[in-house]
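Engineer: Sequence:
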Amino acid sequence: MPDPFETLRAQQFALARHLRDPGRHPPPPDIEDRRLAVYRDLFHNNIRSLLSGNFPVIRRTLGEDDWRALVREFFARHRSRTPLFTEIGREFVRFLEGRAEQAVGDPPWLPELAHYEWVELGLQIAADELPPHDPVAADDAPAALLDGIPVVSPLAWALAYRWPVHRIGPQFRPLQPPEAPTLMLVRRDAAGEVRFSALSPLVYRLLEILGGNEAHSGSECLGQLAAEAGAPDAEPFLSEGAAMLERLHDEGTLLGVRRPA
Numbered sequence: 001m002p003d004p005f006e007t008l009r010a011q012q013f014a015l016a017r018h019l020r021d022p023g024r025h026p027p028p029p030d031i032e033d034r035r036l037a038v039y040r041d042l043f044h045n046n047i048r049s050l051l052s053g054n055f056p057v058i059r060r061t062l063g064e065d066d067w068r069a070l071v072r073e074f075f076a077r078h079r080s081r082t083p084l085f086t087e088i089g090r091e092f093v094r095f096l097e098g099r100a101e102q103a104v105g106d107p108p109w110l111p112e113l114a115h116y117e118w119v120e121l122g123l124q125i126a127a128d129e130l131p132p133h134d135p136v137a138a139d140d141a142p143a144a145l146l147d148g149i150p151v152v153s154p155l156a157w158a159l160a161y162r163w164p165v166h167r168i169g170p171q172f173r174p175l176q177p178p179e180a181p182t183l184m185l186v187r188r189d190a191a192g193e194v195r196f197s198a199l200s201p202l203v204y205r206l207l208e209i210l211g212g213n214e215a216h217s218g219s220e221c222l223g224q225l226a227a228e229a230g231a232p233d234a235e236p237f238l239s240e241g242a243a244m245l246e247r248l249h250d251e252g253t254l255l256g257v258r259r260p261a
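Under full-length UniProt numbering, think of the first position of the sequence shown as 1, with each following residue one higher.
Check the hints yourself; a few may be wrong.
Here are the in silico distance ranges between beta carbons for each label pair [what the hints assert, rightly or not]:
| hint | residue 1 | residue 2 | range |
| --- | --- | --- | --- |
| 1 | H25 | P181 | 39 to 45 Å |
| 2 | R40 | D250 | 50 to 56 Å |
| 3 | P83 | Q176 | 38 to 44 Å |
| 4 | P4 | A190 | 55 to 61 Å |
| 5 | F43 | A190 | 34 to 40 Å |
| 6 | G23 | A103 | 31 to 37 Å |
| 7 | R24 | D128 | 41 to 47 Å |
What the hints contain is simulated information worked out from the structure, not anything from laboratory work.
Even for Gly, the Cβ is constructed at its ideal location relative to N, Cα and C.
Produce the entire structure from the sequences given, and follow the hints as far as they go.
Structural biologist: Have a look at this one:
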């Protein structure tokens, strides 16, 4: 006699395969198609609605037919690493990155645009546990940020893209990436709002240096940046860099400082 638990398990897997990809997988036997259609539409529409909210620019840029086909392919082919609905957007980015490696003919900017759209949700749900740091008073900020070790907020992400993701849309679908990368700062402010701003190459590199820094003062980090930039006169460069540190602190990208050991 067949094991009833194994029979049920086989039926559940057959149903799941059918709901994900009804064109390739038949349903379990003896289930009315009218009932199956309810589940097919429910599952697919829920995923499509969720992704449409996360990726509105991609949806408008691709057009409704291509968008529906892409979501259906994601639903049928991608194996998510997590069951959490809040992570579905990140899974969609992984799906598009995998398609880019397979050269299936998607627009070449699609994975980066998806990541750019996802970061807003990513920051909204990011844990807000902040690293240890000493607060910096406004009147002491310039000296403190130069003498101490600046601490970058984990809720401020410096991002680099090959494509101008902040400009892509229905009226602009570039065929070639520009020579210069698109550098963006995306951060969650004290009120919980996610804010986007463009970065210059120097500020982007400074945030890279500060993000991986455990022991060097702000002044030393600026000295490294000046050397990398080949600044002929370090003094005005360091003066401008100090003002840059203060602006980053004022906006919340830098939390404060840690004192050297």
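Engineer: Now, for every hint given, state plainly whether the structure supports it.
Structural biologist: Evaluated hints:
Restraint check, H25 to P181: a C-beta distance of roughly 42 Å satisfies the suggested window 39 to 45 Å. At roughly 53 Å, the beta-carbon separation of R40 and D250 lies within the given 50 to 56 Å, and the hint holds. In this structure the supplied range 38 to 44 Å holds for P83 paired with Q176, their Cβ-Cβ distance being about 39 Å. Distance hint check for P4 and A190: the Cβ-Cβ separation is about 57 Å, which falls inside the suggested range of 55 to 61 Å.
Separation of F43 from A190 is about 39 Å and conforms to the stated range, judged on CB atoms against 34 to 40 Å. The hinted window of 31 to 37 Å between G23 and A103 is violated, with their beta carbons roughly 23 Å apart. Checked against the hint of 41 to 47 Å, the C-beta distance between R24 and D128 comes to roughly 43 Å, which is consistent with it.
This entry does not satisfy hint 6, going by the numbered hints stated previously; all others are met.
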